[in-house]
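Visitor: Respectively, the protein sequence lines represent chains A and B. Following our numbering, the numbering of the first sequence begins with 3 at its first residue and continues without gaps. Following our numbering, the numbering of the second sequence begins with 2 at its first residue and continues without gaps.
The set of hints was computed from the structure by calculation and includes no laboratory data. What you are looking at is a predicted structure, and each value in this text was computed from that prediction instead of being measured. Just so it is clear, CB atoms sit at the ideal spot from N, CA and C, and this is done for glycine as well. Heads up, a few of these hints could be off.
To be verified - Covered stretches of chain A (chain B as the covering partner; in silico rule of three or more C-beta atoms under 8 Å from a C-beta of chain B):
1) 71-82
2) 172-178
3) 213-223
What the hints assert, rightly or not - A few chain B residues facing chain A, derived, Cβ under 8 Å:
4) Gln-44
5) Thr-82
6) Gln-86
7) Ile-143
8) Phe-168
9) Asn-170
10) Arg-231
11) Leu-234
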Amino acid sequence: MESRFRVLFLVVTILSLPGCAATKNLFGFGQEEAPPPSSEPPGQVIDPQVERRKIKEPAIDREDFEIGAYAGIMAIEDFGSDVSYGVRLAYHITEGFFVEGTVGQSEGGLTSFEILSGGARLISDSERTLTYYNLNLGYNILPGEVFIGEGRAYNTNLYLIAGLGSTRFAGDDRFTVNVGAGYRFLLTDSIALHLDFRDHLFDIDLLGEEKTAHNLEGHLGLTVFF
Amino acid sequence: MERSITTIHSTPQPTNRVWLGCLVAVVLQIFLAASGYAADDYQTVTVADPYLEMRTGPGRGYPIFNVVDRGDSVDVLKQRTEWYQVRTANGKEGWVAREQMELTLKPDGSAVSFKEAGIEDFTNARWEAGLLAGDFGGANIISLYGSYSLNPNISVELWGSQILGNFSNGWMGSVNIVHEAFPEWRFSPFFTLGAGAIHTEPKSTIIQGQDRTDQIGHVGGGFRIYATRRFLLRAEYKSYVVFTSRDENEEVEEWKVGFAFFF
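Extracted from the complex, chain A is given alone in its bound form:
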């Protein structure tokens, strides 16, 4: 019975609606307050007045790149040790693997031969500047967490890297293989401290016979993820 009343009510409503509109037209209000043209079929009566939730869907910020600078000490075989510094850009491909490019510079000193012989110089001063770039593949082998005191925990990673590059030293560009390990200490989720040890290997024949020189570098760096 109730549904029959509802149908009756609806029928009356349908019939009265155009009637009201006609009345409005009769009194001259029709032009201003004409109902907006409806694309709905005439059979649909109930217009759902549910307000849709507006959904903003911002893109998730990806932070796979890491950029930073470092400074440390580099021991150039036969040429002593000096300060080294450089920049680093890394891209984290997966949780474990990352690729990394570094560009750095150091300065070679005098060889023992040059010191003992007095004045003789093997290379010019400008050729003592060592500049290198390396392209490496790295793997986070020991990810972990360290604790300072009771209330602070920091994420860390011990990683291994290996790669190829070129070193300009003693008047030549030298094909360079470098291997090393590093420790990444995340101060926040986006800022990290690095402690790195690298061995840059290249062939050099400056002191008579050709040999593979091991040039060890240790440096401390700061990077930011973006």
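With chain A fixed as given, assemble chain B onto it according to the hints.
Guide: This is chain B only, laid out in the frame that chain A set:
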């Protein structure tokens, strides 16, 4: 005072300092920009799985310190590799694995897509970058490339290489067109054509030669091999013709292997 014994060419030191200085400046700029960065709009997702596990770090070994129940919402702050940093309503922040994020819903009830890179992306991904090394006519060569796919079969590549040999060093840049006949194969063969320029500097200790820049053209082929996730291995052979200003053109053969990743 220049007292060069072994070489004639020497690197001007100030230039190195200048560009390194510039790089450091750029790094500092980015660092400052990143530290001042604050985003307010985050995507909100609702947990549809019985629970969402939050870890202390973006890695499978980090301990789970918080669990979000079904029906609760979290804000997604950022993504690093396959991990998402989320924040709960009461302000706890932690990292959630991609597989768990797949089981969350958007506020309107639809499923969220947190896709993992797979072999379909190996075929269809637009961008690719890689590092290869090998032998270029007896010299060592290190190459970097970036690639853009016009469609699954054809892509355009930009290459930059450094050549380090016993008699000369040099640089080479080229633009390649690569055609893959079967891009959906895990072991996908390709054919390549390209042109560019090569700059060679003979080592002055051997012979006092002149620096040269010549045009090059090359044909080649190789394989792209899908490894895992975003990784692929690549091996290729190219045959170069160097268009010298002398009577005869030079021909150089090159073999390289390396890895690349797509994104």
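Visitor: Output the indices of the hints that this structure fails to meet, ascending.
Guide: Violated hints: 1, 3, 8 and 11; rest satisfied.
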